[in-house]
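Chain order of the listed sequences is A and B.
The first sequence lines up with residues 1 to 517 when you count with the numbering used here.
The second sequence lines up with residues 1001 to 1163 when you count with the numbering used here.
Take the hints with a grain of salt, since some may be wrong.
To be verified - Which residues of chain B face chain A? A partial, calculated answer using Cβ under 10 Å:
#1 ALA1097
#2 ALA1146
#3 LEU1152
As the list claims (entries may be wrong) - Derived lysine-lysine pairs resembling DSBU-like cross-links, with alpha carbons at most 35 Å apart:
#4 A:LYS503 x A:LYS170
#5 B:LYS1100 x A:LYS444
#6 A:LYS503 x B:LYS1100
Unchecked claim - The following residues of chain B were derived to be distant from chain A, with all beta-carbon distances above 12 Å:
#7 GLU1022
#8 HIS1067
#9 PRO1073
#10 ARG1083
#11 GLU1085
#12 LEU1105
#13 ASP1106
Don't read these hints as lab results, they were simulated from the structure.
Just so you know, even glycine gets a beta-carbon here, dropped at the ideal spot from N, CA and C.
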Amino acid sequence: MTVRVFVPSDTTALAMGADAVARELAALADRRGLDLELVRNGSRGLCWLEPLIEVETTGGRVAYGPVAAADLPALLDAGLLEGAQSHPLCQGLVEQIPYLACQQRLTFARIGVIDPLSIEQYRAHGGFAGLERALPMAPEAIVEEIKTSGLRGRGGAAFPTGIKWDTVRKAGEGQKYIVCNADEGDSGTFADRLVMECDPYMLIEGMTIAGLAVGATRGYIYLRSEYPLAQRNLNIAIERARAAAYLGDSVLGSGRAFHLEVRLGAGAYICGEETSMLESLEGRRGLVRAKPPLPALEGLFGLPTVVNNVLSLAAVPFILDRGAQAYADCGVGRSRGTLPVQLAGNVLRGGLVELAFGVTLRELMEDFGGGTRSGRPLRAVQVGGPLGAYLPAAQWDTPLDYEAFAEVGAVLGHGGVVLFDDTVDMGEQARFSMEFCAVESCGKCTPCRIGSTRGVEVIDRIRAGDRPEANLSLLDELCTTMVDGSLCAMGSMTPIPVQSVMKYFAEDLRPTDNRRR
Amino acid sequence: MTVPSATASDPVQAALDTWQNEPGALLPVLHAVQDSVGYIPREAIAAIADALRLTRAEVSGVISFYHHFRTTPPGRHTVEVCRAEACQAVGARQLEAHAKTRLGLDYHETGADGQFSLEPVYCLGNCACGPSIRIGGAVYGRVSEARFDELLTGLDTRALELR
C-alpha cells in the first residue's frame, strides 16, 4: 500500500532544510524500493520542529521533527513508514502535539494539512463553502454578517471590517477595488506569509467574498518583494482558481465578476501603510496621503477601495461558512474571534499560535513558547512589530485584547511577539527603532523624516554620557513632537518602543560605562 | 526616443510590451527589467519614462525610493542579512559584523571582484528561526558564524567549478 509522507514547503521549513529532506527521502525510497507518495504540504506553523515531516497512518498523521536529511535512513529503519513512535524525533500524532492541540484554529485550520496548491484538497477541507454561501446573498447581507462577527482589521489599526466594507458598498456605482495589504513587514510576523504560502485559496476566497459584498470586480494583492515563494504560490493558485471559475467574468456561473492580480512591492516598509501602499500600486513613490479622503471613498486610482490585511480577509471564508456568531463567540470584550500570534526571536518553541483573544502574554510565552531559546531569563518582549512597545515583566500578564494593550501604552499590531533574554541592550534597541524609522520614513513629513535622524543622534549622545539628563528630556520632547506631528503611524508610533525603553529599561540608556554588564 | 544600450534594449522593451497598458505599470516594469538585467540601467530610465508618459525625474524618483531597486550591477551572489528585531534577539548584530568582515564589504557594497554584494534586509518572515540570511533566492535559518562561512565556501567552490 502506498504510504503518504508529508514534507512541508513554506519558507521556514525550506530555510531549515526541507528540500534536502524531500530529495533524500525520494532517493532512499527509490533505492530501497519503498512505496511512498511524497506530498509537499504547507507548514503547521510549529517552526521550531521544522522540517516537521508527517506519515499518514490509519490512526492519524504521525509527526517527526526536526528532521535532517541525514536522519532519514535511521528513521526508515525505525519504522517511519509505519508511523513507529520509538525514534527520538517522533512527536506522536501531529494533532495531539500540545502546542497545536491547545490552539483554536479557525483561520489556520487547513494550514499544513493540505497541499497548498490543490483546489480539490482545499474544497475537501471546507474551502469555497463560504463563497458558495455568499454568492446568492445580497451585498448588505454579507456586510451584515461581517459586522456581526465583530471582525476588526488584523493589520494593526483594528478598525471594524464590516463598517469599512459598508462605506465602500454605499459609495455609489462604478469601479471599486479590493486591495489586500500583504506587505507584512513587521519583524516577528509571518502569519500572512503562512496564509499565502500554505493556504492561498483562502485569501482568494476571502477577497472574492469582499468583492461581492461591496460591488468590486477587481482585486490586487500588494505583496512585499521579500516573499517570492508567496508570490509564486499565489500566482499559481489564482491561475487555477480562474480555470475552475472561482475567479473571472462569472464567478461559479453567477454572472458576477471578480478578477485578481498580485502586485509586488519593492522593499519599502512604509508601503504597509495603506495610503502609501495605494501610491505604490499606482506606480509612484510610496508617500503617505493625508486622510481624509478615506481610501474607502477615494482609494486606488481615486475610486472606492476596501483595503484589508491578509489575516482580515483570510478570516472571511470561515465567517461566511460557519456563521458570524461562531466567530463572535470567541474572544473578549470588543476583540472578537481569534488572533494569530507569532512567537519569534529568542524563544524555545517559536511558531504560529491561533487563539481566541484574551489569553495573557505570559501564558503564550511560557505555555506555548517554553521561554527563551538561550535558556537565559526573559527580559523584554516587543509586541506589534518595530513600532510596538517593549514590555517589561510587570506587563506580561496583560491579556491579548486591543483595549487592554492600549491601556498599558502598547499595541497588538499584527500579533508579532518577539522575546529577548537578559543579554539584550535596550539602549541599542531604542536606538534601532529610531534608525529604522530614519531608513524607512517616506520623508513626506518633517517630524518623522528629521525627527528619527535626530533621535539616533540624541540617543548616541545620552549613551556617550554627553549631558545625559538634558538629552533625555530632549529625547522625550522629540518623541512627543513625532507623536503629535507625524502624518501617519510610522512617525507617530516610532516613539512607542523608544518611550517604553525610557520608562521601563532606563538603566540601559545610561552612559556605556555605568550600564549593566 | 533614447535608444537603450544593447544589453538593456530587449528586456526593457519586453517589460514595456507586457505592462505598458496596465494601470500602475511602473513598478511591474522596473521589477521585470531588474529581474532580467540584474539592475536598472541608466539608459532604461528614459525609455521607461517615454513609454509611460512620465518624466525621467519621476522614474528616477521611484527607483531611488524603493530599497529593492538598484542602478548598478550586483555581484554574482547577493548576500542579504536580516537586521530586524526578531533576528537581533538571537544574535543578528554579531552576524552582521561577521558578514561584513568575512566579505570585506559594508552594506550596499559590491566587491571589486564582482563576487558578492552585501545588503541589509528588514525581515524575511523567518522570525521564529533566526538569525536569517538570504543568498540568491534561498533563505537560511539559525545561521551561526560558522554556518555563514560554510555557505559562502560552498558558493566559492561552485564559482571555481564553473571556470
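Now for the hints, and whether the structure bears them out:
1. ALA1097: violated, 13 Å
2. ALA1146: violated, 16 Å
3. LEU1152: Violated, about 17 Å.
4. A:LYS503 x A:LYS170: violated, 45 Å
5. B:LYS1100 x A:LYS444: holds, 32 Å
6. A:LYS503 x B:LYS1100: holds, 34 Å
7. GLU1022: For GLU1022 of chain B, whose nearest Cβ neighbour in chain A is about 9 Å away, the distance does not exceed 12 Å, so it is violated.
8. HIS1067: violated, 4 Å
9. PRO1073: holds, 18 Å
10. ARG1083: violated, 8 Å
11. GLU1085: Non-interface label fails for GLU1085 of chain B: nearest chain A Cβ at 4 Å, not farther than 12 Å.
12. LEU1105: Its Cβ never comes within 12 Å of chain A, the nearest being 18 Å, so this holds.
13. ASP1106: holds, 15 Å
In summary, the numbered hints that this structure violates are 1, 2, 3, 4, 7, 8, 10 and 11.
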